[in-house]
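Asker: In order, the protein sequence lines correspond to chains A and B. According to the numbering used here, the stretch in the first sequence is residues 1 to 111, in order. According to the numbering used here, the stretch in the second sequence is residues 1 to 115, in order.
Treat the hints loosely; a few may be bogus.
Unchecked claim - Below, simulated DSS-like cross-link-like pairs (lysine-lysine); rule was C-alpha separation at most 30 Å, straight line:
| id | chain 1 | residue 1 | chain 2 | residue 2 |
| --- | --- | --- | --- | --- |
| 1 | A | K110 | A | K68 |
| 2 | A | K68 | B | K57 |
| 3 | A | K68 | A | K52 |
| 4 | A | K56 | A | K77 |
| 5 | A | K60 | A | K110 |
| 6 | A | K52 | B | K57 |
If you're looking for bench data, these hints aren't it; they were derived computationally from the structure. As the structure is a computational prediction, the values presented were derived from the model and not from experiment.
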Amino acid sequence: GNSVTQMEGPVTLSEEAFLTINCTYTATGYPSLFWYVQYPGEGLQLLLKATKADDKGSNKGFEATYRKETTSFHLEKGSVQVSDSAVYFCALSDRSFKTIFGAGTRLFVKA
Amino acid sequence: KAGVTQTPRYLIKTRGQQVTLSCSPISGHRSVSWYQQTPGQGLQFLFEYFSETQRNKGNFPGRFSGRQFSNSRSEMNVSTLELGDSALYLCASSLVGTDREETQYFGPGTRLLVL
Numbered sequence: 001g002n003s004v005t006q007m008e009g010p011v012t013l014s015e016e017a018f019l020t021i022n023c024t025y026t027a028t029g030y031p032s033l034f035w036y037v038q039y040p041g042e043g044l045q046l047l048l049k050a051t052k053a054d055d056k057g058s059n060k061g062f063e064a065t066y067r068k069e070t071t072s073f074h075l076e077k078g079s080v081q082v083s084d085s086a087v088y089f090c091a092l093s094d095r096s097f098k099t100i101f102g103a104g105t106r107l108f109v110k111a
Numbered sequence: 001k002a003g004v005t006q007t008p009r010y011l012i013k014t015r016g017q018q019v020t021l022s023c024s025p026i027s028g029h030r031s032v033s034w035y036q037q038t039p040g041q042g043l044q045f046l047f048e049y050f051s052e053t054q055r056n057k058g059n060f061p062g063r064f065s066g067r068q069f070s071n072s073r074s075e076m077n078v079s080t081l082e083l084g085d086s087a088l089y090l091c092a093s094s095l096v097g098t099d100r101e102e103t104q105y106f107g108p109g110t111r112l113l114v115l
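Please model the entire structure based on the sequences and the hints provided.
Answerer: Below you can see the structure in the form of structure tokens.
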């Protein structure tokens, strides 16, 4: 079945550091890929998405490119801020009426 | 447009009791999904409803059930609560749920503590 694997956390960075959170997937067909973010005490919210191979999703300085050849969707940001501290979830969606989420990666950004 | 709302936000129950959680989707959204989030297991899919019909179900025991009403509002019920049911229960809505490009919109969750 479909699955998503993302790097274990926590990831601790200093402000203005470069961020990469790795995500790989296994899926049949052509899923859409998503990154969701969860801030403390809140539900998940969409950060970015890509719906086909080579698409790049971007939002708030975060980027991720749908790489079908490596089945990856790594999240990157050039300069993180303290306010980016949160849990990040990689996810995929096909037509099976459910979204498959990775385990989540907690990010701490120190001032 | 109002977001997804969930009630109650916090709940404390004892083992053996039952609980009902409520979710109101974004207006116009007809698909509602439920997830259980725990530190150990992450986000696990419970079930998905569309037009009052359950279309998909995750690997949870029969103690977990749900329903959807004609206005798309949804409830989930957990009977005979166990300590391991303590979790954050998240509801998410989307327009139809069958478009793989759709974004799911999540509510803030209901935090359930079972003592």
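Asker: Now look at each hint and say whether the structure bears it out.
Answerer: For each hint, the structure was consulted:
1. A:K110 with A:K68: 34 Å, violated
2. A:K68 with B:K57: Within the cut-off at roughly 28 Å; holds.
3. A:K68 with A:K52: 9 Å, holds
4. A:K56 with A:K77: Given pair A:K56, A:K77 holds - Cα atoms ~13 Å apart, limit 30 Å.
5. A:K60 with A:K110: Holds, at about 19 Å.
6. A:K52 with B:K57: At roughly 27 Å apart (the allowed maximum being 30 Å), B:K57 and A:K52 satisfy the hint.
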